[in-house]
Amino acid sequence: MSSSSLVSVNDLIKTYGEGDTATHVLKGLNLDLERGDLSALLGPSGSGKSTLLTILGTLMKPTSGRHEMLGEDLTSADDAELTEFRNRHIGFVFQFHHLLPDFTALENVVFPTAVHAGRETRAARERGRELLNRVGLGERMDYLATQLSGGQKQRVAIARALINRPELVLADEPTGNLDRESAEQVMELIGEINREEQTSFLISTHDEKIAASCRRQVLVRDGETADMNA
Amino acid sequence: MRYGLKIAFRYLTANKAQTGLLITGVAVGVFVFIFMSALIGGLAVYLVQSTVGNVSHVTVEAPSREASLLVSEADGDVLVVTQAATNQRELLRTADAFLPLIDTWEGIAATSRQVVGNGLAVRGQVRAPVSVTGVDLDKLSAIADIAGSITSGDADVSGMKVVIGSSLAEDLSIRVGQVLRLQSDRDIDLGLMVSGIFEIGVEALDRRAAFVSLATARTLFELPQGVSRIEIKLEDLNQAEQFARRIEAETGLAATPWTEGNAQLLSGLRAQANSGNLIKAFALITIVIGVASALLLSTYRRRPEIGIMRAMGASRGFVVLVFVTQGALIGLLGGMIGAAIGFAALSPFPLPENAEPGGFPIDVRQGAYGLAISLTALGAILASILPARSASRVDPVSVIGQ
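In the order they appear, the protein sequences are chains A and B.
Quick note: the first sequence uses our numbering, first residue 176, plus one each step.
Quick note: the second sequence uses our numbering, first residue 682, plus one each step.
Take the hints with a grain of salt, since some may be wrong.
What the hints assert, rightly or not - One-sided and incomplete, this derived list gives chain B residues near chain A with beta-carbon spacing under 8 Å:
# : residue
1 : M993
2 : G994
3 : A995
4 : F999
5 : V1001
6 : A1021
7 : F1024
8 : I1081
For the record, the hints were derived by calculation from the structure and aren't laboratory data.
Beta carbons: idealized from backbone N, C-alpha and C, even for Gly.
Take the sequences, apply the hints, and build the full model.
Given below as structure tokens:
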């Protein structure tokens, strides 16, 4: 791994089920992500994009292969170690935002820090406010998640993904549930953060326009990757 | 911990109606627990009080004298026939030496030296068997509340006076101020003035008992020294067996606790306590099942949120903490509300000591409030472990796509 290498996966295989019913989703997939990358993950439905994101997010282990991030071998780590690693180094943005509905925008943003520290520290709340201002929701900090529009929720989800200053943010169809205007705002925001904070983004999308706004496009097909920029 | 508490609290307050119903259910269970404790406890106090409240809790007597063998069994087979000396009376000759010591023990409410014997109460042609008890003048009401049960005259046994029960007075057609002849089993005959008539409500006392001074009893039964027995009343009659053992160990005298002669009462009280415990256990089980099912439902409803928390870096332990804390909060809150309602609802009832016969002998002091709250909190925590573990096993991947 080079010094700028962030993630490296080699010969990644993921198989669901066993025997005749086994489904091979990833078939020896290889991928490297550099620090500061803004990459789009493309591919048809069922190609293995979501499975790859799930494995990169340490939410699932591959059947075989090697998965490293920041020089750490994550394939041999146990659940507690992966949870800790995920909390400190990886942010998530989901298609359906997945905010905690009984919590305010600020409380949602601060959650990853608070769950690690055991309390909502003043520094975390300060950072949370800063991020919400950044995503244009300074006026909505104390609104419950249920009181926000779809675009606003997604912007809160982006702020939440960034609260712990992760090296990698994995976004699964972050604009898939938004209207065109909101989608563009969200992508603009991601681009800004990527440029200014050197946070790497890997964005799974079907939208070619979104993919084109990323510097790199990675195609997943039949459980393998092809770098479209190569 | 603090953050887990915040999330648990937020979850509970997010659905106020459901949480309110759950806490109400727990509070009702706790109220049943407290009500049963107070009722069973009060009933026990009432029964014991009405049965043994007016009798000695520990009775000290001289150990019975047994004839000793003059030949050794080593000399061969020995056949022994013992005949009880019916004309000999066991006497406590050392009572005066021990009594001041026993009087100083903590937990002793009163002691009473007594000379007792049987005789006949004679009034004209009517004769009635009586049990005569001679007591120190100031100790007439030390054991049975004679002074408080006087229906006519005074509780005065000084000089040549006697206090008798109401049934006996009725049988002899005698009133206060009239003279009664007492004939002892030692053939001593004394004329005594009836100074008071009592009615305790225990037939054995009201019909058979006659109280005189210690000096009069000594004359009647020809006992110039010693006493027949010492009766002791304790502050806590449940300590009778311990006190009896202590007296025997420290004085060598025979001490009998009230429990020895009331095995049936004790067995009844035990059965009653067991029934109460069973009902209390059912109340607790209901609480546990209620909390467990409510939290299981909550776990199911919040699966997506739990998955997101896990994805954001919440450990399994944190998820367990959130749900166990919810159980603990429900248990504590429900327990405290139930205990408060229980105390408020039971307080107006008179204490069993003052309960009217046929009344409702509830003892608000025996509500076991602390125990009820602790057991409920513990039960709710235990009940939340299963849902909490189930929540901690939610696979974030399975809910992220939903």
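Min Cβ distance, V1001 (chain B) to chain A: is it shorter than 8 Å? This interface hint is violated because 13 Å lies over the 8 Å limit.
Closest C-beta approach of G994 (chain B) to chain A relative to 8 Å, hint status: 2 Å, holds
Would the hint on M993 (chain B) be counted as holding, given a Cβ-Cβ threshold of 8 Å to chain A? Holds - the Cβ of M993 (chain B) comes within 8 Å of chain A, reaching about 5 Å at its closest.
Agreement of hint I1081 (chain B) with chain A interface, Cβ distance less than 8 Å: 6 Å, holds
Can we keep the F999 (chain B) interface hint, with Cβ of chain A closer than 8 Å? 6 Å, holds
Next item in the hint list is F1024 (chain B). Is there a CB on chain A closer than 8 Å to its CB? Since chain A brings no Cβ nearer than about 34 Å to F1024 (chain B), farther than 8 Å, the hint is violated.
Hint validity - A995 (chain B) Cβ closer than 8 Å to any chain A Cβ: At about 5 Å, which falls below the 8 Å cut-off, the nearest Cβ of chain A leaves the hint on A995 (chain B) intact, so it holds.
Holds or violated: is the Cβ of A1021 (chain B) closer than 8 Å to a Cβ in chain A? Check failed: Cβ of A1021 (chain B) comes no nearer than 29 Å to chain A, outside 8 Å.
Against the hints set out earlier in the document, violations occur for numbers 5, 6 and 7.
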